[in-house]
Amino acid sequence: MAAPAKIVPWLHAGLRWALAATFLYAGGAKVLDPARFVADLDNYQLVPAVVAYLIGLFVPWAEIVGAAALLTGRWRLGGWLLTFLLGTGFAVFVGSAWLRGLDISCGCFGSGPQANVTGWATVRTSLFPLLAAAGLWYELRWGTAVSVPTG
Amino acid sequence: MSPLLPSSSRSGGGRRLAWIGLVTGCWLACLTPPVSAALSWDTVAIDRTAELGASSEEFAFHFRNTGSAPLTITSVQTSCGCTSAALAKQVYAPGEGGELKVTYRFGGQVGAQEKVVSVTTNDSPDHPTLLVLRVKIPEIFSVSPRLLWWSVGEVRAEKQAAIAINPALQAAVTLLPPDEPGIDARLVARPGEHGYVLFIQPASTKETRRARVDLRIEPAGLPAQIITVYVLVR
Amino acid sequence: MSSSVRCGSGPLLRRAAVQAAVLLLAAVVPALLTGWLHPRRPPLPGAAGSIREITVADAQALPGGRPVIWADARDNQAFARQHIPGAVHLSEAEWEQGLAGLVAVWRPGTPVVVYCASHSCDTSRAVASRLKRELALPDVFVLKGGWEEWLRRQK
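Residue numbers (the working numbering), protein chains in the order written: chain A, 19 to 169; chain B, 93 to 326; chain C, 52 to 206.
The set of hints was computed from the structure by calculation and includes no laboratory data. Each residue gets a CB set at the ideal place from its N, CA and C atoms; glycine is no exception. One or more of the hints may lead you astray.
Said to hold, decoys possible - In silico EDC-like pairs for lysine to aspartate or glutamate, Cα to Cα no more than 20 Å straight-line:
| # | chain 1 | residue 1 | chain 2 | residue 2 |
| --- | --- | --- | --- | --- |
| 1 | C | K195 | C | E145 |
| 2 | B | K207 | C | E200 |
| 3 | B | K251 | B | E231 |
| 4 | B | K207 | C | D109 |
| 5 | B | K228 | C | E200 |
| 6 | B | K228 | B | E191 |
| 7 | B | K251 | C | D126 |
| 8 | B | K251 | B | D271 |
| 9 | B | K207 | C | D190 |
| 10 | B | K228 | B | E206 |
| 11 | B | K228 | C | E185 |
To be verified - Heads up, incomplete: computed chain C residues facing chain A, CB under 7 Å, no partners named:
| # | residue |
| --- | --- |
| 12 | A67 |
| 13 | L76 |
| 14 | A78 |
| 15 | A82 |
| 16 | G86 |
| 17 | P90 |
| 18 | Q148 |
| 19 | A168 |
| 20 | S169 |
To be verified - Calculated from the model, a selection of chain C residues having no Cβ within reach of chain A, i.e. all distances over 12 Å:
| # | residue |
| --- | --- |
| 21 | S60 |
| 22 | G61 |
| 23 | G160 |
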């Protein structure tokens, strides 16, 4: 398969920076107020209270670690996969809440002011795993993280 | 080579960096929620152990309007009827500070308690601040169980309730006469265990019966309390 | 000029999975520290003891057709406005009064279902725990979804 156009690596790098910045911000905001995040998760009525508690403590740090990994050379692959998984998780929560007609806060960015769960919020939240998947696919196909020089 | 940039960054780097910066900047601008929270709290959680025998505790949460416009506190809601909150006023000028006083009346609650006060402001109506009170209320005494019951026709065996007194206190416990006849009650001290046992036996379980047996508990230096043990034959 | 050859996607994907797992493990320690030390840490779930939740439908269709005693844990005003028919008012603010009222209607084998305003309130759990501890009743539940859920089911 032919190599991609010259602009594509820059698009990929831009996507990587943007995803890293987003997850760093989202994780950081939630780490500042974990009680609020657990309360927001509880409102989704999707998982038992114990699970919401564990997710509420763990996910913000996973977001920060995933974002940091995206900015490295060695751990970039893991960063792409982790942000894809986290993004998918959020999309499932937000989408299920929208389908059930729950009038709740998204909880995506911690204690800051933010949109409630709506159709548009569902679409926007679903973009993250899609973009992370695209970035991971590009990395696996043409990325330089583990390329082996010949000649 | 920097892991942040693609491998073809050797030439035309300036324009490409600017392009990346523009894309990332637009992305962040679209996603970043507007920063408008203007009420800044000294602390949003207070942990405290109540004094033995206290019936209530007062807490003060200090805040300041760090925004550039006057701020109105539109609502203050408590998680329980046992807590009440008071504010000197509702509107605070930029830079002005204030205090939210919360009174928590224990009403017989004991142990680790957590109460939440929810504060909403005009600049963030959908996202209130949650203030948390975490209080350890020492128990003066406990009576358990406070309901002793027999089924009609059941063997009228003696049943018991345990009274435990906080080891840090001395207390006198007096058994008051049951309010109904036909209920035998006796109180036995257990000094080694810092408590008492209340034995109760109905005279008959052939018909339904309802009675109250009251205990007067007088901890040293604290007000006396009457605690009821309910007796049922149903 | 050197060209680079990508390894097969399979090993790379495996590598991504291993890296993701390691990254997740790295998040465990700060998460635990947050739950222990953070000033805004969330309360431990189930701190009010093992009180089971029950839905409106289940409460109304218990085995053997047993009726339940509804215990309303909301404040005075909310109870006075409207409550489940036949419910006893049992709030921590007026505990002794409420307890006497509950004992007056309780019969052996009757479950007690405590409710507060909605899914997100915690008062019913605290009241149910205290009831179970003080009276040693065997069957004490909290109503899933609370008063809001009851109302929704009546429509």
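How the hints compare with the structure:
no.	hint	verdict
1	K195/C x E145/C	violated, 23 Å
2	K207/B x E200/C	violated, 23 Å
3	K251/B x E231/B	violated, 24 Å
4	K207/B x D109/C	violated, 30 Å
5	K228/B x E200/C	violated, 32 Å
6	K228/B x E191/B	violated, 23 Å
7	K251/B x D126/C	violated, 35 Å
8	K251/B x D271/B	holds, 18 Å
9	K207/B x D190/C	violated, 26 Å
10	K228/B x E206/B	holds, 9 Å
11	K228/B x E185/C	holds, 19 Å
12	A67	holds, 4 Å
13	L76	violated, 9 Å
14	A78	holds, 4 Å
15	A82	holds, 4 Å
16	G86	holds, 5 Å
17	P90	violated, 9 Å
18	Q148	violated, 30 Å
19	A168	violated, 14 Å
20	S169	violated, 10 Å
21	S60	violated, 5 Å
22	G61	violated, 10 Å
23	G160	holds, 29 Å
Going down the numbered hints, you'll see the structure goes against 1, 2, 3, 4, 5, 6, 7, 9, 13, 17, 18, 19, 20, 21, 22, while the others check out.
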